[in-house]
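Given next are the chains, with one letter for each unit.
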Amino acid sequence: MELPVLNEKPTQGGCAASSCGSSDDQLNHLSDEIRAKVQNHPCYSEDAHHYFARMHVAVAPACNIQCHYCNRKYDCANESRPGVVSELLTPNQAVKKTMAVAANIPQMTVLGIAGPGDPLANPERTFETFRRLSEEAPDIKLCVSTNGLALPDAVEELSKHNIDHVTITINCVDPKIGAKIYPWIFWKNKRIKGEKAAKILIEQQQKGLEMLVAKGILVKVNSVMIPGVNDKHLAEVSKIVKAKGAFLHNVMPLIAEAEHGTFYGVMGQRGPTALELQELQDDCSGDMNMMRHCRQCRADAVGMLGEDRGDEFTLDKIEDMEIDYQAAMEKRKVIHQAIEVEMNSKRAAKVEVKAEKLGTRPALMAVATSGQGVINVHFGHAKEFLIYEASPEGVRFISHRKVDQYCEGDTSCGDGESVLQRTIRTLEGCEAVLCSKIGYEPWEMLETAGIMPNGEHAMEEIEAAVMLVYNEMAKSGKLDEVKQRATA
Amino acid sequence: MSLKIIESCVNCFACEPLCPSKAIYEAKPHFLIDAKKCTECVGDFDVPQCASICPIEGAILDALNVPLNPAGSLTGIPPEKMAEAMAELQAH
Ligand code: SF4
Ligand code: SF4
Ligand code: SF4
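Top line first, the protein sequences correspond to chains W and P.
The first sequence begins at 1 in the working numbering and counts up by one.
The second sequence begins at 1001 in the working numbering and counts up by one.
Hints are not guaranteed to be accurate.
Here are the simulated DSSO-like pairs of lysine-lysine, each with C-alpha atoms no more than 30 Å apart in a straight line [to be verified]:
hint	chain 1	residue 1	chain 2	residue 2
1	W	K232	P	K1036
2	W	K475	P	K1036
3	W	K244	W	K199
4	W	K437	W	K350
5	W	K346	W	K331
6	W	K199	P	K1036
7	W	K242	W	K141
8	W	K215	P	K1028
9	W	K190	P	K1028
10	P	K1081	W	K141
11	W	K357	W	K383
12	W	K193	W	K160
13	W	K160	W	K215
14	P	K1081	W	K244
15	W	K242	W	K73
16	W	K331	P	K1004
17	W	K317	P	K1028
18	P	K1028	W	K383
19	W	K215	W	K141
20	W	K478	W	K141
21	P	K1081	W	K199
22	P	K1022	W	K475
23	W	K190	P	K1036
24	P	K1037	W	K475
25	P	K1037	W	K207
26	P	K1037	W	K73
27	W	K244	W	K73
28	P	K1081	P	K1037
29	W	K383	W	K232
30	W	K357	W	K331
31	W	K176	W	K160
Some residues of chain P that are not near chain W, with every Cβ distance over 10 Å (derived) [stated by the list, open to error]:
hint	residue
32	S1002
33	G1058
34	A1071
Computed far set for chain W versus chain P, every beta-carbon distance over 10 Å [as the list claims (entries may be wrong)]:
hint	residue
35	A62
36	K73
37	E124
38	P183
39	K190
40	E259
Hint data in this document are derived by calculation from the structure and do not stem from the laboratory.
Fair warning: this is a prediction, and the values are worked out from it, not measured in the lab.
Glycine is no exception: its CB is placed at the ideal position from the N, C-alpha and C atoms.
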């Protein structure tokens, strides 16, 4: 599922502000060893994911459980958008594709297996892919997501490869609640239903988590927030998984539509509102590092920051590619080192722009960027916007919004809506949009929609520019009135 | 006696490795069961393995063409609810 992610609330006063270093607020709680692993990670470090990218390969079709938010006609709903079907690859094809992408997009540093079913329910296909990549492309980090049922049996094998982190989807620790989320599991040659099934799944998840932590493998926990089912329960889940050593807890809102054909969709179970998400996050804050940066990339997406270059690496195209991975690895190393130098100097040189006026209300702003931490995309070319919230306390990253999201034949799009209209609709709730350049027509349309276009900060550092714009808005008195705060 | 896989199969590969008789094979447009090899798991397991992991209701039938996992049995969605939801979507 491509899901919005909860934004992190400051635990102490100024710490959500950019002055702390964009990711410090969530990394401070971690041990040095874990922090080192996370710091340059494209999925977890805000500035790193402006520079590095990850990809997924779909090699694992089978699943060993059923979740009520999943329709098995499509990809695993834990990791991809509802209703998406990825092209299934054999391990051999997956290895070839990964190496082709790594050779052509040197920023690609992490390879994930996330479906279309449960990777660990397909141990042969998953482990063959990992085994070969660990040998043939040792500079690529590997990650895997799982529902946890088969995890304890897989830990030994996982620890043999270049596994960077494992994501477990844990929606509950109480079988009574679990029975409302998982209708069945396949366990020891039988299909098991009800609380008994949920109890086994929960035990396996927890055992797997403990075993991974004991092996020193990073563990991230995902939870799907289902109002009326596990919403009140997730704060406890958060506490428990953190106590056991998970380094991040990522709460995703349930997305349930009848047309997805899932149990929740058809039965009319609703997803949480933005406010409910926020409240849950408040409940969890202080006892878990909530994650903001992960964009739940589509299971087979390729490329940087929301771009998808998958079309360049279709099966027939990679068939014809000759890849000298030794040479590619040399090249990648040089590029990675240069990126690290750039990232470190950017971190060191960060200029802090302070709010000039106190007591003004916060405002959301959208930024068009293709990475490097600067505003560098033309409004009309932006496929994704980063949403920031500016307030007298500072600037904090809130979420990513994609243009076009869920827009393939979706009724909510309306017929004949232009790309421009769609883009503007994506920016709902934002008061300004910062881009490198913008045309006359979109300028007018944005103004009409109450969003202030701004092309004055091209190539400038995002957070500083957002604060400058905020200061201008504050000076003009725009931010004095108490406006219903828009949530991202 | 044997089971069969019909066109609602989504080719998820889950059943294939479980078959004690190696009766299941990948085919186009969907997986199939070799009727000569399938034993309905008798002698190996209490329940037919393929039908115990298959996530798709109605994809596996017995010799009398009765689905082993009838509508509603796996997803928990009452068939009339499903029909209602689909009719509603059609209407839009
Ligand atoms: S684990 Fe993933 S593939 Fe399996 S039922 Fe749940 S969401 Fe679907
Ligand atoms: S019933 Fe048993 S023997 Fe027959 S195809 Fe299914 S798994 Fe194989
Ligand atoms: S488990 Fe069911 S859906 Fe999956 S391949 Fe076998 S018959 Fe098809």
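Status of the hints after comparison with the structure:
Taking the CA atoms of W/K232 and P/K1036, the gap is near 53 Å; set against the 30 Å cutoff, the hint is violated. Straight-line distance between C-alpha atoms of W/K475 and P/K1036 comes to about 82 Å, which puts the hinted pair past the 30 Å bound. A distance of roughly 18 Å separates the Cα atoms of W/K244 and W/K199; the hinted pair therefore holds under the 30 Å criterion. At roughly 23 Å between alpha-carbon atoms, W/K437 and W/K350 fall within 30 Å of each other, so this suggested pair holds.
Using a Cα cut-off of 30 Å, the hinted pair W/K346 and W/K331 holds, with the two alpha carbons roughly 23 Å apart. Distance check on the hinted pair: W/K199 and P/K1036 sit about 39 Å apart at the alpha-carbon level, beyond 30 Å; violated. For the suggested pair W/K242 and W/K141, the alpha carbons sit about 24 Å apart, so the restraint of at most 30 Å is met. Taken as a hint, the W/K215 and P/K1028 pair is broken in the structure, with Cα atoms around 42 Å apart against an allowance of 30 Å.
With a C-alpha separation of about 28 Å, the suggested pair W/K190 and P/K1028 falls inside the 30 Å cut-off, and the hint holds. As the CA atoms of P/K1081 and W/K141 are separated by approximately 45 Å, the hinted pair breaks the 30 Å bound. Taking the CA atoms of W/K357 and W/K383, the gap is near 33 Å; set against the 30 Å cutoff, the hint is violated. Restraint check: the Cα-Cα separation between W/K193 and W/K160 comes to about 34 Å, which exceeds 30 Å; the hinted pair is violated.
For the given pair, W/K160 sits about 11 Å from W/K215 by alpha-carbon distance, which is consistent with the 30 Å threshold. A hinted pair counts as satisfied when its Cα atoms are at most 30 Å apart, and P/K1081 with W/K244 does not qualify at roughly 41 Å. For the hint linking W/K242 to W/K73, the alpha-carbon distance of about 34 Å lies beyond 30 Å, and the restraint is violated. Note on W/K331 and P/K1004: the hinted pairing is violated, with a Cα-Cα distance of about 53 Å set against a maximum of 30 Å.
For the hint linking W/K317 to P/K1028, the alpha-carbon distance of about 23 Å falls within 30 Å, and the restraint holds. In summary, the hint linking P/K1028 to W/K383 is not supported, as the alpha carbons are separated by about 37 Å, beyond the 30 Å threshold. A distance of roughly 17 Å separates the Cα atoms of W/K215 and W/K141; the hinted pair therefore holds under the 30 Å criterion. Restraint check for W/K478 and W/K141: the C-alpha separation of about 47 Å exceeds 30 Å, so the hint is violated.
At most 30 Å may separate the alpha-carbon atoms for a hinted pair to count; P/K1081 and W/K199 meet this at roughly 28 Å. With a CA separation close to 75 Å, the supplied pair P/K1022 and W/K475 exceeds the 30 Å bound. In summary, the hint linking W/K190 to P/K1036 is supported, as the alpha carbons are separated by about 24 Å, within the 30 Å threshold. Pair hint P/K1037 plus W/K475 does not hold up; C-alpha atoms about 80 Å apart against a cutoff of 30 Å.
Distance restraint check for P/K1037 and W/K207: the Cα-Cα separation of roughly 38 Å exceeds the 30 Å cut-off, and the hinted pair is therefore not satisfied. Using a Cα cut-off of 30 Å, the hinted pair P/K1037 and W/K73 holds, with the two alpha carbons roughly 28 Å apart. Restraint check for W/K244 and W/K73: the C-alpha separation of about 34 Å exceeds 30 Å, so the hint is violated. The hinted pair formed by P/K1081 and P/K1037 fails the criterion: a straight-line CA distance of about 38 Å is larger than 30 Å.
Between W/K383 and W/K232, the direct Cα distance comes to roughly 35 Å. Violation of the 30 Å bound is thereby established for this hinted pair. The straight-line distance between the Cα atoms of W/K357 and W/K331 is roughly 48 Å, outside the 30 Å bound, and the hint therefore fails. Distance restraint check for W/K176 and W/K160: the Cα-Cα separation of roughly 36 Å exceeds the 30 Å cut-off, and the hinted pair is therefore not satisfied. Residue placement check: P/S1002 keeps its beta carbon more than 10 Å from all beta carbons of chain W (closest about 19 Å).
P/G1058, annotated as away from the interface, keeps every beta carbon of chain W farther than 10 Å; the closest lies near 13 Å. Non-interface status of P/A1071 relative to chain W is upheld: no Cβ of that chain comes within 10 Å, the nearest being about 12 Å off. Remark: the non-interface label on W/A62 conflicts with the geometry, its nearest Cβ contact in chain P lying 4 Å away (cut-off 10 Å). With a cut of 10 Å on Cβ distances, W/K73 falls inside the contact zone with chain P, its closest approach being about 5 Å.
Against the 10 Å criterion, W/E124 falls within the reach of chain P, whose nearest CB is about 8 Å from its own CB. The beta carbon of W/P183 sits about 5 Å from the closest Cβ of chain P, which is not more than 10 Å, so the claim that it is off the interface is violated. Non-interface call for W/K190 relative to chain P: violated, since the shortest CB-CB distance, roughly 6 Å, does not exceed 10 Å. With a minimum CB-CB distance of about 6 Å to chain P, W/E259 fails to clear the 10 Å threshold, and the non-interface call is violated.
In terms of the numbered hints stated before, the structure departs from hints 1, 2, 6, 8, 10, 11, 12, 14, 15, 16, 18, 20, 22, 24, 25, 27, 28, 29, 30, 31, 35, 36, 37, 38, 39, 40, listed from lowest to highest.
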